[in-house]
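A.B. asks: Below are the chains, spelled out letter by letter.
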Amino acid sequence: MKYLSLLIPLLFIAVLLYAAVKKVKLYDSFTAGIKGAIPLIVSIFPYLAAILMLSELFEQSGLSAILTGTLSPVFDFFGIPPELSKLVLIKPFSGSGATALLSEILSAYGADSYIGRCACVCYGSSETVFYISAVYFAGVKYKKLALPVCIALAANFLTVVFGCLICRVL
Amino acid sequence: MNGIFAVIFLCSAGLCLILDPNCFLPALLSGGQKAATLSLSLLAVYCVWLGFFQVLADCGLAGKLSGALHPLSKRLFRSTDKEATFLATSNLTANLLGLPGAPTPLGIKAVEKFCKAGNYYAADMLFVLNATSLQLLPTTVIALRIAAGSVSAYDILLPTLLATLLSTVLGALLVRLLCGRKKA
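Chains as they are written, first to last, in the working numbering: chain A, 1 to 170; chain B, 1001 to 1184.
Simulated from the structure, these hints should not be mistaken for laboratory data. Among the hints, erroneous ones may be present.
[What the hints assert, rightly or not] Using 20 angstroms as the maximum straight-line C-alpha spacing, the simulated EDC-like pairs for lysine to aspartate or glutamate come out as follows:
id : chain 1 : residue 1 : chain 2 : residue 2
1  : B       : K1064     : B       : E1083
2  : B       : K1116     : B       : D1155
3  : A       : K22       : B       : D1081
4  : A       : K23       : B       : D1058
5  : B       : K1116     : B       : D1081
6  : A       : K35       : B       : D1058
7  : B       : K1082     : B       : D1058
8  : A       : K25       : B       : D1058
[Said to hold, decoys possible] Each pair of labels, with its calculated beta carbon distance range:
id : chain 1 : residue 1 : chain 2 : residue 2 : range
9  : A       : L26       : B       : A1006     : 23 to 31 angstroms
10 : A       : L11       : B       : S1041     : 18 to 26 angstroms
11 : A       : S107      : B       : K1082     : 30 to 38 angstroms
All values derive from a computational prediction rather than experimental measurement. For glycine and all other residues, C-beta sits at the position ideal for the given N, C-alpha and C.
Given the sequences, and given the hints that come with them, work out the whole structure.
C.D. replies: Structural data, given as structure tokens:
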């Protein structure tokens, strides 16, 4: 794992050296790139704010708790332990929420328990679908996202089912 | 997205009304605050990577890499726009390596370019590939496992990889089947 931390510095050194050899004006080029950061943030911000408000409301209103309760038997049917249903529900909305939840689960059940390992696999193999959809499509007018969002959610759910299954075998 | 937003928002708000009306505004405000702080930290990350990628583009390496990857990305995204497919493939590579923050600016630009060219299939494909999480090393999970006192923190690598691979392949196939037909 030590080598992994070398990856990013080496990548920068290699590219900047190559650019210097090619007589690229490094400072000008680097700053020109950074110029794009502000408009990028500005175009993302409204969507980011709306999604984060939505996820906060979803959590605080108790809707997520109710859904967790009602969906637990369904999840159980698919082989997902009921302890994980909240994590599965939160993950598409909020990365930081899911991270907090994962660390709670790990300290409650132990990192090496079946529940703990399942939670890790669920967390690691799914993504914050709504957040990504908001950010990636922020700059464009194309907003017919229902189908791709559903595909992503379905794929994520099946991963969790599959992940729980593997954890039981391995 | 408008429908999803409306349903979740109204259901949550309605529930707030019944259970605890006082939690409504604080929840929205804390979401807004999170957006504000997150934007600032994202801005920092974007500065680093956008600067880096500009150097990569200016020295000609980006063009060479995209040339090498073009046959693959042409099939995956059904696009002949070299710049857009390069952005998309670098987005996937950055995801795979787990470079923190790097995939997002690339992905946004790629989606923008695809959509401008009217290639919504490619935009959908890139989004689903991103949203099904392709990562070789889930660093956050491992850090949390170590923090929780795991004796074998790397135990979950293989199951995670298998599961995420399945979801990514499945997602890509579904996009191909469901979104591909419109413009086949």
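A.B. asks: Hint by hint, say whether it matches the structure.
C.D. replies: Hints and how they fare:
no., hint, in the structure
1, B:K1064 <-> B:E1083, "holds, 11 angstroms"
2, B:K1116 <-> B:D1155, "violated, 44 angstroms"
3, A:K22 <-> B:D1081, "violated, 25 angstroms"
4, A:K23 <-> B:D1058, "holds, 10 angstroms"
5, B:K1116 <-> B:D1081, "holds, 11 angstroms"
6, A:K35 <-> B:D1058, "holds, 15 angstroms"
7, B:K1082 <-> B:D1058, "holds, 15 angstroms"
8, A:K25 <-> B:D1058, "holds, 9 angstroms"
9, A:L26 <-> B:A1006: 23 to 31 angstroms, "violated, 49 angstroms"
10, A:L11 <-> B:S1041: 18 to 26 angstroms, "holds, 21 angstroms"
11, A:S107 <-> B:K1082: 30 to 38 angstroms, "violated, 49 angstroms"
Hint compliance for this structure: hints 2, 3, 9 and 11 are not met, and every other hint is.
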